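S.K.: Given next are the chains, with one letter for each unit.
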Amino acid sequence: MENLKNMEERLWDFIDGTSSAAEKESINRLLETNPVWQNAYAAMLDMNTLFMETNLEEPSMRFSKNVMEGIAKIQIAPSTKSYVNKKIIYSIVGFFLLLIGGLLAYVFTQIDYSQQGSITIPSSLPKFNTDLSFFGNATMLNIFLIIDTVLALFLIDKYLQHKKDRLKAKEV
Amino acid sequence: MQTGLPDNELISLVLKGDQQAYKVLVDRYQSYIFTLAFRLMQSREDAEEVAQDVFVKAYRSLADFKGVSKFSTWLYTIAHNTGITYLRKKKQKILAIDDESTFMQLENQQSDFKANQVEDKSRKNMVNRAIDMLPPDDAQIITLFYKGDQSLDEIAAIMGLEANTVKVRLFRARQKLKEKMEKFFSEEVSNLQNV
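Chains as they are written, first to last, in our numbering: chain E, 856 to 1027; chain C, 1280 to 1474.
Derived from the structure by calculation, the hints contain no laboratory data. On a predicted model such as this, the values are computed, not experimentally measured, just so you know. C-beta: ideal position from N, C-alpha, C; glycine also. Treat each hint with caution, since some may be false.
Said to hold, decoys possible - Which bits of chain E does chain C cover? Going by a derived footprint, with three or more residues having C-beta under 8 Å, they are: (1) 873–884; (2) 920–927.
As the list claims (entries may be wrong) - For lysine-lysine, the following DSS-like pairs were computed, each having C-alpha atoms within a straight-line distance of at most 25 Å: (3) Lys860/E - Lys1455/C; (4) Lys1457/C - Lys860/E; (5) Lys941/E - Lys1019/E; (6) Lys942/E - Lys860/E; (7) Lys928/E - Lys1403/C; (8) Lys920/E - Lys1457/C; (9) Lys1457/C - Lys928/E; (10) Lys1013/E - Lys1368/C.
Stated by the list, open to error - Here are a few chain E residues that face chain C, going by a calculated C-beta distance under 7 Å: (11) Trp867; (12) Ile931; (13) Ala932; (14) Thr935; (15) Asn940.
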């Protein structure tokens, strides 16, 4: 039974043209010499022709007219890419650039250029007197930050979806 | 005049505002989309509604078609998703015809069919009736592969499956189709083998 299934699988791959070159060669040899394979191949080839001959179902005569009437009321929506507000992307990029720029500016203003031969880089970045004991430990803080990120992404997505829906409503 | 143009050129025309070019695409693919919808819905009325919805959706989103895949693959993907959503909305169960009661029903239908001498007993009709007996997913795979001119990779993209899964499902669908034909159309199959 397993052998028969295996033979049929291999023959379907051969008929579909998805067998490897080596496999094709091996099946060709079997088809030349083995009557069981020859019979199975002939029957499957018949079946394949039969499947290819099937008819497509036809919709009603008014079908294309109905579709054309349907699209007459609407307009092609702008590509999804244009739904993403570039101002948001620029704002995010701007924020991070400002942050990095600010940090670099701070570091460079703290360097003591009067000393020759070596540059003293401030040993630490500015300390914020923020009480983080509320978070308990670092894991809690990480979880809190992840939730914040997910929430922010969710809100941005909602905002974009809302804009998209409004655009669509205008078209209709 | 536009009927001979390839899909991509027609799409460019539609995007430039020529709605009539879209009619050519509708005429070209309506039977394929309707057949796919019919295989899933198993009702002509529902299939017609879904197929129309597919073309309207495709028109609205045409600017999103970038030509990375074939237009037909893109359209079939919309058809598959629209069909599934429609079925979910209707809370209609996708009936697998493998259960016994449905078999009995079909067997009765088949005796009526045999009794009716006017009924077309052609090869094509026999296979179409056997495809209608397959579970919708199998019927869709068979239709996409044999009539939709889609490769295994393209079918995988349409149905949101792995190419290997599609290959296995296609194999099983062919087996089931063969079984159905032998069970319900044994006379026709034997006549066929004698030809």
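S.K.: Which hints, by number, does the structure contradict?
M.R.: 1, 6, 7, 8, 9, 15
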